[in-house]
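Undergrad: Taken in sequence, the protein lines are chains D and G. Quick note on numbering: the first sequence equals residues 1 to 299 in this note's numbering. Quick note on numbering: the second sequence equals residues 1 to 280 in this note's numbering.
Keep in mind that the hints are not guaranteed to be accurate.
Taking lysine-lysine pairs in the DSSO-like style, the calculated list, with each CA pair at most 30 Å apart, reads [said to hold, decoys possible]:
#	chain 1	residue 1	chain 2	residue 2
1	D	Lys244	G	Lys135
2	D	Lys66	D	Lys288
3	D	Lys251	D	Lys66
4	D	Lys66	G	Lys68
5	D	Lys148	D	Lys261
6	D	Lys288	D	Lys261
The set of hints was computed from the structure by calculation and includes no laboratory data.
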Amino acid sequence: MSARGAVADLESRGGRLALWFLAPTAAVLLLVVAYPFLYNVGMSFTNWNMFHFRDPAFNGLANYAKLLREPEFLSVLLRTFLWTGVNLVFHVTLGVGAALLLNRRLPGRPLYRALLILPWAMPQYISALTWRGMFNLEYGSVNLLLGKLGLGAVGWLGGEWTAFAAATITNIWLGFPFIMVVALGGLQSIPEELYEAARIDGAGAWRRFTAITLPMLRPVLTPAIVLGTIWTFNNLNVIWLVTKQGEPGDKSHILVTYVYKAAFTYYRYGYAAAFSVFIFLTLFGIVKIYQRTADREAF
Amino acid sequence: MRARPAARLWSHVWVHALVWLFVLFSVYPILQVVNVSLRPGDQLYTTDLRLIPRDATLDAYRAILFDKPFPTWLRNSLLVSASTALIGVSLASLAGYAFSRSRFRGRGAALQGILVTQMFPATMLLLPLYMIMRKVQLVDTLLGVVIAYVATALPFCVWTMKGYYDTIPVDLEEAALIDGASRFQAFRRVTLPLSAPALVITGLFSFMTGWSEFIVARVMLPSAELHTLPLGLESLASTYQTEWANYAAGSVLVCIPVVVLFLLLSRYLISGLTLGGVKG
């Protein structure tokens with residue numbers, strides 16, 4: 001590690017500099033995220049809602065107790081896990097799959113690469129509303145295409161699980177390019193000699209993939225998966241817009257859309273704040289566990 | 001060791017077939033928006049699957065550009081997104097550098113803390129944020145939303161910058177220091193120029209944040225003359241039935257600049273997106 005000496009040097013000479021470099025970011029994050037966050041935590045212990053808008057009072061853990069007794073609570077929670085899990089599995093398999101394809105010497109590769117990144121470039125609200133149109137029962141192109149293939153039309157947005165599936169497909173579409181780009185970067189940094197050596201040793205394609213490609217991709221994929229998990233878990237836009245605010249009958253909600261509705265449609269602020277704290281703690285726990293296992297597997 | 005020609009040909013065909021499946025999946029919904037934007041009024045609901053509709057017309061584009069305050073929305077969005085990108089890149093390039101090069105106390109916790117800011121449902125931060133902004137009189141100003149967007153984009157940007165700096169050998173800066181450069185000069189003249197790909201990504205990401213956000217904008221920007229593109233488009237979508245073609249045309253216009261940016265920068269995207277670990 002030739003860097004060791006320089007790092008020590010930076011610490012002695014650059015300690016003050018580091019503070020100055022961090023200060024603006026810290027200021028913005030404290031003002032826009034940390035303060036509102038603490039405010040929410042405080043709010044979660046009050047009965048702030050439509051009826052007590054001007055005079056919210058401390059009510060202890062009442063919101064948390066109410067949340068746990070909510071009949072839909074468990075189903076919304078499980079749906080959120082399912083949503084996050086299914087999306088991530090597809091993001092990673094499609095993203096890594098596309099990256100492997102694009103990493104070959106392919107005529108027209110830059111064009112393909114650009115086309116596959118497009119879903120990421122489109123603003124999410126536009127993608128979501130476009131897919132919502134495509135899932136329309138009579139005029140949506142998804143059903144029209146299914147019809148062309150000789151399959152029956154699906155009432156996508158009419159059923160709770162099909163609406164959920166529609167939102168999931170939309171989110172898979174808009175999320176895989178991110179993993180693809182990360183994986184492409186990772187693949188390009190794997191030295192070709194490793195594969196040569198493996199070939200000489202008689203390793204087949206699958207063996208080369210599991211023994212070289214995957215372990216070499218892990219360090220770049222792990223942070224991307226952590227970020228992807230957080231973004232997907234808390235993705236309001238897609239469910240909200242594709243299922244039109246949780247239709248049918250509020251049965252396609254995940255935690256964040258449920259909270260959004262509680263807060264801004266029903267004005268149950270205190271309750272929504274408690275729910276948000278719960279979401280935060282759950283997500284925090286998941287990420288911690290994931291990082292632990294990813295770290296352990298790395299050795 | 002070479003595979004037999006027939007086997008090679010087959011794998012070639014397979015790879016191309018798969019690539020085309022991916023392309024179809026990625027591009028079809030986008031073509032769909034273009035298609036709707038070109039439909040004449042009597043064909044909004046159609047079971048026709050052709051890519052360019054019959055009697056295609058640019059009426060919707062004309063309506064959007066000339067009958068709606070599109071130029072105002074565009075100007076506001078450009079202003080907001082460009083400022084967000086500029087401030088986001090500046091702050092992230094500094095903070096990421098500190099995280100990469102300095103081992104100060106609480107560094108690991110701070111890095112995790114930045115990640116943790118993403119975990120709280122963002123929409124719930126809106127109400128307290130609104131109250132702060134009102135206190136400092138930034139409600140209904142573009143600066144107010146720019147600050148909110150910078151905070152949204154910063155965590156990802158800081159991580160990206162930090163990850164990229166980690167891949168640049170410290171020796172280069174050391175050499176500069178020996179040649180008499182100050183710490184800041186070493187950063188400014190040596191490391192920063194080498195980090196162009198990561199700077200491009202953080203810039204693009206921050207720009208996109210401003211370009212496509214509408215929930216914060218709706219709360220913070222009540223005045224119509226400050227509306228950004230997403231707010232404008234949303235106003236078309238809420239009268240969904242009547243303005244579907246206009247909405248699609250607006251979407252196409254909104255997408256064109258970012259798509260062009262992504263296409264121009266796709267090379268940098270791949271080399272610059274090095275999310276670093278907490279430990280590294």
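Undergrad: Hey, Lys244(D) versus Lys135(G), does the alpha-carbon distance stay inside 30 Å?
TA: 34 Å, violated
Undergrad: Against the 30 Å threshold, does the CA-CA distance of Lys66(D) and Lys68(G) hold or violate the hint?
TA: 47 Å, violated
Undergrad: Between Lys66(D) and Lys288(D), is the straight-line Cα distance small enough, at 30 Å or below?
TA: Between Lys66(D) and Lys288(D) the Cα gap is close to 27 Å, so the pair holds against 30 Å.
Undergrad: Decide if the proposed pair is consistent with the structure: Lys251(D) and Lys66(D), CA atoms, cutoff 30 Å inclusive.
TA: 19 Å, holds
Undergrad: Hey, Lys148(D) versus Lys261(D), does the alpha-carbon distance stay inside 30 Å?
TA: Roughly 38 Å separates the two Cα atoms, so the pair is violated.
Undergrad: Taking 30 Å as the top limit, are the C-alpha atoms of Lys288(D) and Lys261(D) close enough?
TA: Between Lys288(D) and Lys261(D) the Cα gap is close to 28 Å, so the pair holds against 30 Å.
This entry does not satisfy hints 1, 4 and 5, going by the numbered hints stated previously.
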